[in-house]
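First to last, the sequence lines map onto chains A and B.
Counting the first sequence from 1 gives a position; my numbering is that position plus 217.
Counting the second sequence from 1 gives a position; my numbering is that position plus 249.
Hints in this document: simulated from the structure, not taken from any laboratory.
Using N, Cα and C, we set each Cβ at its ideal position, and we do this for glycine too.
Just so you know, not all the hints are guaranteed correct.
[Stated by the list, open to error] Using 25 angstroms as the maximum straight-line C-alpha spacing, the simulated DMTMM-like pairs for lysine to aspartate or glutamate come out as follows:
id, chain 1, residue 1, chain 2, residue 2
1, B, 335, A, 462
2, A, 665, A, 627
3, A, 362, A, 346
4, A, 668, B, 267
5, A, 494, B, 267
6, A, 448, B, 351
7, B, 304, B, 271
8, B, 357, A, 690
9, A, 623, A, 737
[Stated by the list, open to error] Covered stretches of chain B (chain A as the covering partner; in silico rule of three or more C-beta atoms under 8 angstroms from a C-beta of chain A):
id, region
10, 283-297
11, 356-368
12, 385-392
13, 396-409
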Amino acid sequence: MEFYRSHVLVCGGTPCVLEGCKAVRDALISEVRRAGLAGEVKVVETGCLGPCDMGPIVVVYPEGITYARVGVKDVPVIVEEHLLKGRAVDRLVLGTGAKEKGVVSYERPPYFELQQRIVLRNCGMIDPDSIDEYIARDGYRALAKCLTEMTPGEVIDAVKESGLLGRGGAAFPTGVKWSFTARATANQKYVVCNADEGEPGTFKDRLILEGDPHSIIEGMAIAGYAVGADKGFIYIRGEYVLSIERLERAIQKAREYGLLGEDILGSGFDFDIEVRKGAGAYVCGEETALIESMEGDRGEPRLKPPYPGTCGLWGKPTVVNNVETLANVPPIILNGPKWFRGFGTERCPGTKVFTLTGDVNNKGLIEVPMGITLRQVIYEIGGGIPGGRAFKIAQTGGTSGGCLPKELLDVPMDYFSLPEAGSALGSGALLIVDDSHCIVDIARCFMKFFKHESCGKCVPCREGTDRLYEIVDKVAQGNGRLEDLDLALELSRVMQVASLCGLGQAAPLSLMTILQYFGDEFREHIVGKTCPAGTCGF
Amino acid sequence: MPTATCRCGETIVDDRWEKLDEIIEKHRAKQGALIPILHEAQELFGCLSEDVQLKVAHALGISPAEVYGVATFYSFFTLKPRGKHKIAVCLGTACYVRGASELVRALKEELGVEVNGTTKDGRFTLEVVRCLGACGLAPVMMIGDNVYGRVKPEKIPEILKEYQ
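Please put together the full structure from these sequences, using the hints given.
Structure (structure tokens):
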């Protein structure tokens, strides 16, 4: 193995690719070679580092200096100043990385200060195409530990004890879910990784898969061992081209290394994984709709029970887990449930990956302990609202989550506290909206989405999403009536209890919270016929 | 060489139907083969015309209604030929609050088409889509496989020029 004095990591996540990171990487490689440093400095393309709004991102180790918005023209300066002379290039450093002018410091920018990285442990740290780098960072050790030292029952107990809750949004205890499938008797069982990430404002699964595909493969293999499945599927959005490529390569590599396939590590355990592409339907994120889609049908949810755990894909017991859930599994096995419980809160151990978007200075991918407050995320990590505007709403949980006003900025973000405030943690989308936007217009955007994405199978959702859109649209046009708001609330409650799946049950949540916290703005539209933000044209 | 007339409009004297046979054969043994077949068939033909759907239905021994049901359920599949370049503007919430509707308006004007319309020269089809998962760079649009982030309406003519 070769040793290098410095590693230069170039973020190769989709947002940075859009900003031209490939050209920066190529320039770094040729400039390092030109400076005669090829034997001392290694340039690595990694997965996402997080601050997606400030790409292309380049990090130089061992100092850990993060450079933001690096252009090809900046490359010679970085190589000359930092790699040759050991002086950080101040004007490019992200945050306060180099406080004393010209001195290389090890301080981390505030963007990373509050973050704790379990799921994203390798994202931005390793070359996602290199199985060796994954293994060097304890990759596949958890799988080896399961296969050689633990019974399937012990694996399930460890996951149960860790208190890991499903990270796709429903927050069902993962260990309990696994135990249902483990207990079921069948000649065939499956593990399905739900990577059909469609919640507007969410792109965490995409960047986890791009940045650390092996962690998902390992998590799935452990799940397979625990429940007795020898076949896994990754159902992924067709649009996630780079994730699919990297997954396919990673699966191939794992097979070559004997970490997938027959008789893994000589244990007698067989497991293999196939990638299936989705075809663009939001509802397929719901696990039974996903299963229908994998079977080649229209992605319409099934009646439950039976649950997939006992009767899922092709009628066989099937574990369906979200990408982030599976990425949590190897560290839990390796470090033990007690270690995992050291993060986050009592009821919600661990961390949560959020995607921070909208009207906020630092947008991107973050991983923070459960229970952190919205205020900390928006102001300490997100750097506040740009352009001197005021905060208006934070929508947690994506379009199917609720909208919180500034009075609730101190609510802890976990799977229990947010629902108590009327919202949801969901998949971890966090949309910040400033005071230049009209709440009615925003609500209309949400309702339009559900009207379009409702699959049409059950009446409460099919009709309800249409009618809610109609009501909000009328208000935005200046034709709203006060009694319509009561009607909207009544309809919302019916949808919550009577819809077949999570889509219809969650669809009215944003509108309900908006009416609860921003009802006055709706009434101004209806009674005063004015739009305070000046967005609605009447 | 088999010949056929695709309802996409073109008269086809080529080997695409043979290729479709190969695609079907490749996936046939798999459970849930329909969607992977439709993915590849659309890549091959550009759209899922009635002929393509019938052929797939017969080959798999399922009813054409089932194929049609699946082809119309998913937004990725199209029954009508699209323009040479597909423009997809993200209308996810993050893009919406960063001005995606302005973008749609500018594109409509520049191209002279409505949403889901194709320009007369067959060059562009304008679509609006749900979240593309690049919200950090909102507003976002895709032309073909290329993603454009932080797009300003006034930049549209310049971007479209790349595809002339």
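Please list, smallest to largest, the hint numbers that this structure does not respect.
As far as the earlier hints go, 2, 4, 6 and 11 are violated by this structure, in ascending order.
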